[in-house]
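Q: Going line by line, the protein sequences match chains A and B.
Okay, so the first sequence: first residue is 1 according to the numbering used here, each after it adds one.
Okay, so the second sequence: first residue is 1 according to the numbering used here, each after it adds one.
Everything labelled a hint here was simulated from the structure, so no lab data went into it.
Hints may contain errors.
Which copy is meant is left open, so a pair is good if it fits within one copy or across any two.
[Said to hold, decoys possible] Straight-line Cα separation of at most 25 Å, DMTMM-like style, residue types lysine to aspartate or glutamate; simulated pairs:
| # | residue 1 | residue 2 |
| --- | --- | --- |
| 1 | Lys242 | Asp255 |
| 2 | Lys170 | Asp149 |
| 3 | Lys40 | Glu243 |
| 4 | Lys214 | Asp203 |
| 5 | Lys214 | Asp175 |
| 6 | Lys214 | Glu127 |
| 7 | Lys242 | Glu158 |
There are 2 protein chains.
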Amino acid sequence: MAPFARVALIGLGLIGSSIARAVREHMPGATLTGYDADAKVRARARELGLLDQAPSSAAEAVAEADLVILCVPVGGMDAAAAEIAAALPPAAIVSDVGSSKASVATALRQRLPGARIVPAHPVAGTENSGPDAGFASLFRGRWCILTPDEEAAPADVEAVAEFWRQLGAKVEIMDAKHHDLVLAVTSHLPHLIAYTIVGTASDLEEVTESEVIKYSAGGFRDFTRIAASNPTMWRDIFLANKEAVLDMLQRFHEDLTMLQRAIRWDDGDTLFELFTRTRAIRRGLVEQGQDVARPDFGRSEG
Amino acid sequence: MAPFARVALIGLGLIGSSIARAVREHMPGATLTGYDADAKVRARARELGLLDQAPSSAAEAVAEADLVILCVPVGGMDAAAAEIAAALPPAAIVSDVGSSKASVATALRQRLPGARIVPAHPVAGTENSGPDAGFASLFRGRWCILTPDEEAAPADVEAVAEFWRQLGAKVEIMDAKHHDLVLAVTSHLPHLIAYTIVGTASDLEEVTESEVIKYSAGGFRDFTRIAASNPTMWRDIFLANKEAVLDMLQRFHEDLTMLQRAIRWDDGDTLFELFTRTRAIRRGLVEQGQDVARPDFGRSEG
Numbered sequence: 001m002a003p004f005a006r007v008a009l010i011g012l013g014l015i016g017s018s019i020a021r022a023v024r025e026h027m028p029g030a031t032l033t034g035y036d037a038d039a040k041v042r043a044r045a046r047e048l049g050l051l052d053q054a055p056s057s058a059a060e061a062v063a064e065a066d067l068v069i070l071c072v073p074v075g076g077m078d079a080a081a082a083e084i085a086a087a088l089p090p091a092a093i094v095s096d097v098g099s100s101k102a103s104v105a106t107a108l109r110q111r112l113p114g115a116r117i118v119p120a121h122p123v124a125g126t127e128n129s130g131p132d133a134g135f136a137s138l139f140r141g142r143w144c145i146l147t148p149d150e151e152a153a154p155a156d157v158e159a160v161a162e163f164w165r166q167l168g169a170k171v172e173i174m175d176a177k178h179h180d181l182v183l184a185v186t187s188h189l190p191h192l193i194a195y196t197i198v199g200t201a202s203d204l205e206e207v208t209e210s211e212v213i214k215y216s217a218g219g220f221r222d223f224t225r226i227a228a229s230n231p232t233m234w235r236d237i238f239l240a241n242k243e244a245v246l247d248m249l250q251r252f253h254e255d256l257t258m259l260q261r262a263i264r265w266d267d268g269d270t271l272f273e274l275f276t277r278t279r280a281i282r283r284g285l286v287e288q289g290q291d292v293a294r295p296d297f298g299r300s301e302g
Numbered sequence: 001m002a003p004f005a006r007v008a009l010i011g012l013g014l015i016g017s018s019i020a021r022a023v024r025e026h027m028p029g030a031t032l033t034g035y036d037a038d039a040k041v042r043a044r045a046r047e048l049g050l051l052d053q054a055p056s057s058a059a060e061a062v063a064e065a066d067l068v069i070l071c072v073p074v075g076g077m078d079a080a081a082a083e084i085a086a087a088l089p090p091a092a093i094v095s096d097v098g099s100s101k102a103s104v105a106t107a108l109r110q111r112l113p114g115a116r117i118v119p120a121h122p123v124a125g126t127e128n129s130g131p132d133a134g135f136a137s138l139f140r141g142r143w144c145i146l147t148p149d150e151e152a153a154p155a156d157v158e159a160v161a162e163f164w165r166q167l168g169a170k171v172e173i174m175d176a177k178h179h180d181l182v183l184a185v186t187s188h189l190p191h192l193i194a195y196t197i198v199g200t201a202s203d204l205e206e207v208t209e210s211e212v213i214k215y216s217a218g219g220f221r222d223f224t225r226i227a228a229s230n231p232t233m234w235r236d237i238f239l240a241n242k243e244a245v246l247d248m249l250q251r252f253h254e255d256l257t258m259l260q261r262a263i264r265w266d267d268g269d270t271l272f273e274l275f276t277r278t279r280a281i282r283r284g285l286v287e288q289g290q291d292v293a294r295p296d297f298g299r300s301e302g
């Protein structure tokens, strides 16, 4: 039995459109409405038949919902919440999919006083953006983290948890601040590093961009994938989770400086010790089903 | 027509064993001999039937070869060259597969005076190591960079180029110093960064290793793949290509510091501008066939 009968999605990009497709597949009885601030995206969602109704305002989209999910960049959560505030049914549960949670929780509580709020973050995605990039299996086997505050009713949290489980995700509940720290290291720092190195490589005088691309199989191309992610989404994340990201950056910088020094002074043992340790992390990650075991991501098979 | 009739491989790990398999597939008439300093690896190579002969010394392995390829970590090239020096047939061409070229070229010229040397670097690999990890198609569609010095005869360079083309690679010829700069950015720096971030993540007090693994789908897991590469090989590369790696690290550090400052001062425009630019690099790379276009490396399809 699906926990919600009428689901409204605000934002129809990669995540919103994937939720729409997954709801269609796993909750065939549910009614889907949705809205995107970009008229072109709304039109495309209609063409793709993602929704039962795609009205031209966020307020109309949520007017009869029992679950509203805000699927906009975290910097847009405040505005999206403001847009639905007057039309939101009092019994509706409001959730989101933001990659940083403390700042979003504050925005939602301020804009929607008294609302039934259960913030969520499905840890899943691809480097592609927009309604065409979504697919129903995106959340399958991935974790979805809920970060309810003390005002959230346990039954509401369980309903949102059940929603995500029915889309194929595994659910974990966590404090918003801890979430932001965990994701700073598992997601935000990796993206920042990837964006940086791709930028560094494209700015060299002695090495052409064409050479960088040709010889990228040596490791660089792995970074380009996540450095192709949605720029607006990621700008917002770094600004929203500033404190934790700057903390992780500082630690990363210290560790990198240690390795830089080891290289300069021919200290092979320090390098070897770290390189052996990091291998074990990969092994654990593959064993726990969080990545494919195929060498080179299976590229050579393709 | 295969350019060489008797190929000797010194080092039977991922790359050596992949060459053996590819030679079997593409040059069925060639005789393959090989040696590895590790007796267990030699025994495994015999079990796998990778070679026609797997003698117990490097000297025996090269005694009748017309092409010798050193497939050992770059820090082991000097010792490997010393081992074969006395037994090397004067007409044999000596090549290697080292990921840094200037230091290897110096070692080979010193140890093998008068030899016909054509250094090479196939820009291909996986995160796995050892004779079981190799496969025949590893070099297909990848670039192999030759870095002959002024002593190398054009006909020798062409013979080695043809060898790699017959294994499926595309061949480029480049100055050793330029190679080392290009690879510092497309391969060495990415590996160093990946090793660092995986180490940073595993050293946190407030976030457990189990959490890092669980939520790695947010980006982190992409880094763990290359941070699982052979520790000896990579220690050697950073020490051998010290100058170029330290130069690239300095540039990377400047760029990262700029982004760090942008985050601290809420300068979203600087972030957005870079994140948009890096997206274009990914597009070029996929268009030129240097990576799979499947979103998320096709993981969700699996």
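Q: Taking the hints in turn, state whether each one holds.
A: Taking the hints in turn, this is what the structure says about them:
In the homo-oligomer, the alpha carbons of Lys242 and Asp255 lie at most 25 Å apart both inside one protomer (20 Å) and across protomers (18 Å), since each shortest distance falls under that limit. Taking the closest pair of Cα atoms, Lys170 and Asp149 come within 25 Å of each other only inside a single copy of the chain (20 Å); across copies the shortest separation is 57 Å, beyond that limit. For the homomeric pair Lys40 and Glu243, neither the shortest alpha-carbon distance inside one copy (35 Å) nor that between copies (50 Å) is at most 25 Å. Taking the shortest Cα distances, Lys214 and Asp203 sit within 25 Å of each other inside one copy (16 Å), while across copies they are farther apart (35 Å).
Within a single copy, Lys214 and Asp175 get their C-alpha atoms only as close as 44 Å, which misses the 25 Å cut-off; across copies the closest is 16 Å, which meets it. Proximity of Lys214 to Glu127 under the C-alpha cut-off of 25 Å is found in both arrangements, the shortest distances being 21 Å within a copy and 20 Å between copies. For the identical chains of this complex, Lys242 and Glu158 are neighbours neither inside a copy (30 Å) nor across copies (55 Å), given an alpha-carbon limit of 25 Å.
Taken one by one, the earlier hints fail for this structure at numbers 3, 7, listed in ascending order.
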